[in-house]
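Going line by line, the protein sequences match chains A and B.
Residue numbering for the first sequence follows numbering that gives the first Met the number 0, starting at 0 and increasing by one per position.
Residue numbering for the second sequence follows numbering that gives the first Met the number 0, starting at 0 and increasing by one per position.
Don't read these hints as lab results, they were simulated from the structure.
The C-beta atom is built at its ideal place from N, Cα and C for all residues, glycine as well.
Some hints here could point you the wrong way.
What the hints assert, rightly or not - Listed below are several chain A residues computed to face chain B (Cβ distance under 8 Å; list not exhaustive):
| # | residue |
| --- | --- |
| 1 | Leu76 |
| 2 | Val87 |
| 3 | Ala114 |
| 4 | Arg159 |
Unchecked claim - Covered by chain A, per the in silico footprint, the following chain B stretches (three or more residues, Cβ under 8 Å):
| # | segment |
| --- | --- |
| 5 | 75-83 |
| 6 | 116-124 |
| 7 | 142-154 |
Number of protein chains: 2
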Amino acid sequence: MTTTLTVELGERSYPIVIGSGLLGGNFDLAEYVVGEDCLIVSNETVAPLYLDALRADLDGKQVESIALPDGEAHKTLATAESVLDALVRGRANRDTTLIALGGGVVGDIAGFVAACYMRGVSYIQVPTSLLAQVDSSVGGKTGVNHPNGKNLIGAFHQPRIVLIDTDTLSTLSERELKAGLAEVIKYGAIANMEFFSWLEGNIDALLAKDAMALAYAIQKSCELKSEIVADDEREAGRRAILNFGHTFGHAIELCQGYGDWLHGEAISAGMVMAAELSGISNADSGRLSKLIERAGLPIKPPAIGAKSMLDAMGLDKKVMAKRMRFVVLNKLGDARITADYDADRLATVLEAANA
Amino acid sequence: MTTTLTVELGERSYPIVIGSGLLGGNFDLAEYVVGEDCLIVSNETVAPLYLDALRADLDGKQVESIALPDGEAHKTLATAESVLDALVRGRANRDTTLIALGGGVVGDIAGFVAACYMRGVSYIQVPTSLLAQVDSSVGGKTGVNHPNGKNLIGAFHQPRIVLIDTDTLSTLSERELKAGLAEVIKYGAIANMEFFSWLEGNIDALLAKDAMALAYAIQKSCELKSEIVADDEREAGRRAILNFGHTFGHAIELCQGYGDWLHGEAISAGMVMAAELSGISNADSGRLSKLIERAGLPIKPPAIGAKSMLDAMGLDKKVMAKRMRFVVLNKLGDARITADYDADRLATVLEAANA
């Protein structure tokens, strides 16, 4: 079964196609390639698994490919430059299409290069990790990390299509699967209590890679994200609730030097901290921690220290006019952005988490 | 006298303010700074001349500054990265405003960094060269060069305001002044015969830095460019006529290794070649060459060779679907974009120019 959602953004609208067996001849991706040329951007882990299948879906097009080193540590301007170099070497023109085949890192880099090459060319997302399928491939946020802060260099640039073949999850490591579930849990926590409850009932099936459960979780996550993005493409307001747990999470990643903890792991601990800061009922925060724990994800940061985390947060994108902004929960299933948080409580949360 | 034009781009509309004595306390630029912080991006030549005056216009704001090395050779991703580093060091947030004080290189880099930092912050153009005042500061094209091609890395990102103090031209070298006049002549040639005739009558006054003549030429150029940009912000069609002479010109710059010839010099020779390719009357092409020559600008490329130029053009942004596109003249004052040019004539033009 194939499901198609649409991200409604006027002339920048695009489909998210979700299904099994889409790669390798069952979907005419060539139709979404504007010109004659495309460059597939993948990484050393994913390319050997799915590059040939993807090529088969691009019949009649001139296809080049590049495999980047794997991992968040390589999400740098230097790696983006290597992709730009490949485009220049191939004399790629304005009609060229980049195709990101891989996880969030590959998608973010390829999207950013597409945003910058000749002031913007088309790109397509073919996410192969759960995290990329439910989060980073949708919504047009692209970018690379600066040594001092995550995603500090980037652009809003929407893809032409997001093609999600759920079969690619069969090769995903257990750790990566769990990291993706962190974002899935996030959608329930910030925007949909019914989905949160469904996750409580199906978390074991998801961990066991039950195909039906995964397909539903991906579809629901993409739906919730699409609605939020359609309302606020460039994050002038409400879209920022998608950053629930991310202010703390990014600080963890920054202090760890990107790569030690996966993004999904960092935001898991971050969501627990953000829930504590929210001052919601113990019952609600308990349910969130419990679900995260059952997903095999951390509910506490590694040993960093409250001071270092606070310092690292000083550079987060959600800092505005020198006053930090946080995404907090009104209750489970309902989030808001606020700069009006309790500073003492923030200190307590940081100290308790780092105790 | 101060003139204000508006670039009409819906919610991205912005004013171009043109006048004498604007810097140094006569214009409230602080009003256009969104947040509390700004970073002035200038270069080592311009900063000593106008940085203090610009600071005086930003009363009440937190102002940092950075001086880049001067020249097109430094319009690189590495230089852009040094500006990004300065923003990160200063813990600049999403409300920060970049202010470009200088010529086209400074404006293009600062605009590109503004487009990429945290996926886009505000910026202001304070162009101090004639070329930047009549061309690069208006229209939102930003970017840096790749070693193998000009402006291959960039973004469309509109400024909040363009502030043109015509007094800054007093410190502009004669060579830079002439290079700016190349773009002024271009506007007449592609879009307005009346203005072209006016230039024929006033070129000597412009070369003598007559204040009234310069102010009129700047205003008229900005008007013509604004209209074209308002119709086609992202260069899907007609905006490309602004690239008249640029396909040849970029090839000259690329073969010369950026910096030997100024941009305005390269496009001067490029415009003469493009006029030859157009097949317009000898009278029209003669008038164009004559005006360019009277402006003290080259009407022939340096000794590169036809083959090298053709090769270099293969990477130009105006190459689409592997068929080159050229901006040609229907007649003087009227241009069009075409892929349907006479290939033999192109060869003849290249050989004649490189003979």
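The hints, checked one at a time:
Checking Leu76(A) against chain B by beta carbon gives a least distance of about 6 Å; that is within 8 Å, so the hint holds. For the restraint placing Val87(A) at the interface with chain B, the shortest Cβ-Cβ distance is roughly 5 Å, inside the 8 Å limit, so the hint holds. Given hint, Ala114(A) at the interface with chain B, holds; its Cβ is 7 Å from that chain's nearest Cβ, closer than 8 Å. Interface restraint check for Arg159(A): the shortest CB-CB distance to chain B comes to about 16 Å, outside 8 Å, so the restraint is violated.
Figure legend: the segment 75-83 of chain B, annotated as covered by chain A; annotation consistent (3 residues with Cβ-Cβ distances under 8 Å, at least 3 required). Using a Cβ-Cβ cut-off of 8 Å, 4 residues of the segment 116-124 of chain B lie near chain A, which meets the minimum of three, so the contact claim holds. Counting residues of the segment 142-154 of chain B whose CB lies closer than 8 Å to any CB of chain A gives 9, which reaches the minimum of 3, so the coverage claim holds.
Hint compliance for this structure: hint 4 is the single one not met.
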